[in-house]
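Asker: From first to last, the protein sequence lines are chains A and B. Our numbering puts the first residue of the first sequence at 3, with every later residue one more than the last. Our numbering puts the first residue of the second sequence at 179, with every later residue one more than the last.
Check each hint, because a few of them may be wrong.
[Unchecked claim] The following label-pair restraints were derived from C-beta to C-beta distances: (1) A:LEU32 with B:GLU567: 33 to 39 Å; (2) A:LEU127 with B:LEU622: 21 to 27 Å; (3) B:SER315 with A:VAL81: 56 to 62 Å; (4) A:VAL81 with B:PHE203: 48 to 54 Å; (5) A:ILE130 with B:LEU622: 44 to 50 Å; (6) B:SER430 with A:VAL109: 46 to 52 Å; (7) A:ILE119 with B:ILE247: 19 to 25 Å; (8) B:HIS207 with A:ILE126: 46 to 52 Å; (9) A:ILE130 with B:ASP679: 54 to 60 Å.
Source of the hints: derived by calculation from the structure; they are not laboratory data. Cβ coordinates follow ideal geometry from the N, Cα and C atoms, glycine included.
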Amino acid sequence: MRIILIILGYLGWHYGKAIIALSIIWKNFLNFIFEYFSIKSLFLNFFDPWKRMSDNYPKFFNLKEYFYALITNIIVRGVGIIMRSALIIAGLICYILTALLYPLIIVCWLILPIIIIALISVGILLIIK
Amino acid sequence: MTKTEALLKKNHIYSAIILEGYFSFKKRHLLINTAKYLLFSLPIIIILSIILGNYGITSPGITADFLIIKLIGLALLAIGIYTLMQMFEAYFASIYYFEYVAKNNYSSNDIYTFSVGRILLKVNNDNLLTGFLKSQSIGRQIIKRLGISEAEADTLLMKQAEVKNPAFFKNDNLTIIKVADLVKFIYENYPDFKNLLTNHGLNQKDLEATVNWVIYNTESLAYNRQWWAKEKLAKIPGLASDWSFGHTYLLSKYSRDLLLDEEVNSSAISFSSRNRELEQMQAILARSSGANVILVGLPGQEKMEVIWNLCRKIKTKSATLEITKKRPLLFLTSIFSSIIKDRNDFEKKLTTIFSEALKAGNVILVIDNFPKLILQAKQFELNLYELLEPYLASQDDQIIALADTEYFHTLIESDQALMSSFETVMTKPLLLEEIVRIIAREALNIEKIYEITFTYPAILEIAKSAEYYFPNGVSSDKAKDLLAELSPWAIEKGFEVIGKDEVLEYVENKTDIPIASISADEKNKLLNLEDLLMKRVIAQREAVFSVANALRRSRAGIRNEKRPLGSFLFMGPTGVGKTETAKALAETFFGDEKLLMRLDMSEYQNEEALARLIGSQENNTQGILSNMLREHPYGVLLLDEFEKTNKDVLNLFLQIIDEGYFSDVYGKKVMARNIMFIATSNAGAQKIFEIGSTGKNLKDYESEIIADIIKQGVLKPELINRFDATVLFHPLTKENLSEIANLMLKKIAKKLGEKGMILQIDKELIEFCAQNGYNPTFGARPMNRLIQDTVEQHLADLIIREELVAGQTVSFKVVKNTGNKDSLKPIVT
């Protein structure tokens, strides 16, 4: 009687609450990837100079120095854009892959009890055969 | 169906609880590990089988193919069991309700928590106590932590079979039952359990704290396994979190990233015990400008605890928005100071560091020792405020300056310009319960290292002793240190379970203050203290009874622990036994006359008296009294001629006697709570002598004598009232003097006896000493001199002339000299 209760209780969880819990965990992972690759912050600061490295423009008009600062600032911003773009792309790929993995995981989860029964049964059969 | 079964079945986690009964955590992990090892070793076995098969080395009837099939079967079985157990793990992790360590995930139809379910499953005949005592993972853990033995718990369990109609929850509409609720119910409704705890000196509060500790331990293990939890993932730093912020090249040389500290990254669940300070600090740091804080506290880790709490908030992304992406850097003043060459170097480097912090845009600069930086600037004749003003006023800079309380008051508080740029946050001392909670958590880590177990009473005693016996520093730091020191000592002594007694034993060893349980010898001494003292002190019953009672109160643990061991004012004429009583006490109870510390207060009359006693910053000297009490925290302090000292010193002793401690000139606490103060005074001696000589009871005139002393302005009433007792010493009678003479002569006889010689003490000799050694002004004091000049001198001459040798007896005959004083003549036989 207790065994039946345990099995029913477990299966109730496996096909009910566990699916919801899995979805929450998956959401956590997706949020984590978003945060880990700092995607939002990279977008917000997309055109910022790389690590705030910038040259100050001259206080009094000096064409040479002005152009020197301008070129430097364009370069550091360029570097920033390239680095950020690379990381945004990598982050988005990871994000999409993780999101796509979810249905697969759910399918695996749904058939897991059957797989386990199969593994144990076949294993025992092979041993005693 | 029993009431327990009905309650158990009401909750949807019932099946999980039954399953856990079959597959406990230990069993699950044993199966997981076995399957893992099997899976790792199977490929090797399969390869070996193939190799052996190729060489034909197999047992008859067993082919390589046969073996491989069996091994594949074993592998599939191992994978199946491994996966099944992991699914069970997920199952339990999903429905495990945290009661204490993290946000719970109860639903409205939950009736009890998982831990309560474990206990209920073991209940017999609806007796909740049986379930509690039988549950190894919860109940027995609590019992062990309470310092109660397994045998006692077993006896209690057996006794439960006799209990009829045990108490059970009556309310059907209970809100979720937690372990703390269940244990509280058992404590209130099962008298046997309550009695057991009471016999161990434990109350409901101790029980609650122990339950919380055990649940914390159990749940933190479960919580730490949940690596997928949102707050755990949030702790992993982002790849590009600092790409939009500047580099701090020079600052990085002299600082440490606090987000990388072990205290911030540790997986242990942290309970913030300094929420008030944390909230204040976050509010200040959230300001648009002038977001600078001075965090003030006692020397030690106290201030850093607040900073680490802040860092943990930042790391788990639960801090306020304004600081959520910030990087707290701890500027290490000592390293910075050590490399500074001159004024220019100081100025240049410091401004560069602050500029970098400002330009980086994400730095919260935490200065570990702000007063040191101010002092160094002063040394280079610089004003630190002027140097830092542009940064302090900036909108982007956030600075947290740490300062010790003492330096804050002397160095910073008076600087109005500096104070206007900072908001002050004072760290408050932690409450005992908070310290206990910190120590209890720390103890769990230490237990893993040393393989020992701390009981809750031990933890409580560590927290109390750290505060009581070690006066200086932050209480939580001191308690942590005590815990750390205690563990290797316990291992050395062979203790596996550390209870209150073991803690007291260690503290007693460390401080030389007797606090452990009273030994038989000591018990005997305490009970017969009056008799022991009166062997040395003649005719002063009242004084002897007062000090004996005070000591008994102290050792029984019922005295006021925030005051000295005892404080007595002995008043009376000279030579009546005031000092002798103090000496006798030091010798008989404290074990050694050397434990009598003495200050002749007539030497502390001038203006420098106080500085001599508590130290002087001007002369950079330590105080005589501070050193004395630090070196000997336990004993008798005799304050001779107390009334002769000056007003400041009297006020100092007023505080010491009232509060049991004082602060030396450097602000360090000096404890006097294990000292017995005996102040002697000749104030009112004449009146005492006059009343005493008439044979009247001095006690009847005590208030009159004291009123006279106050009237004369010798001692203030508030000071006299602070003493535990004012004892009037009687003038000595002729009989008393004979007794004193006898005592003194016996001392000499004892010394002679050690050399094998015998001193015969007869009535004639005693009378001679009593008559000639008494002086109405000096009491029995001249008797010592008389015995020295007569008896001791004769004996010395005889010994040197070898006229008195071992085995011989010496006696004295009184020679009457007409017109002159009588003298003594030794007779050797």
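Asker: Next, verify each hint and record whether it holds.
Answerer: Here's how the hints hold up against the structure:
1. A:LEU32 with B:GLU567: 33 to 39 Å: violated, 47 Å
2. A:LEU127 with B:LEU622: 21 to 27 Å: violated, 47 Å
3. B:SER315 with A:VAL81: 56 to 62 Å: holds, 57 Å
4. A:VAL81 with B:PHE203: 48 to 54 Å: holds, 52 Å
5. A:ILE130 with B:LEU622: 44 to 50 Å: Between ILE130 (chain A) and LEU622 (chain B), where Cβ atoms are some 46 Å apart, the hint holds.
6. B:SER430 with A:VAL109: 46 to 52 Å: holds, 49 Å
7. A:ILE119 with B:ILE247: 19 to 25 Å: About 20 Å separates the Cβ atoms of ILE119 (chain A) and ILE247 (chain B), which means 19 to 25 Å holds.
8. B:HIS207 with A:ILE126: 46 to 52 Å: Given a distance of about 23 Å, which is not inside 46 to 52 Å, the answer is violated.
9. A:ILE130 with B:ASP679: 54 to 60 Å: Check passed, 59 Å falls within 54 to 60 Å.
Hint violations for this structure: numbers 1, 2, 8, all remaining hints satisfied.
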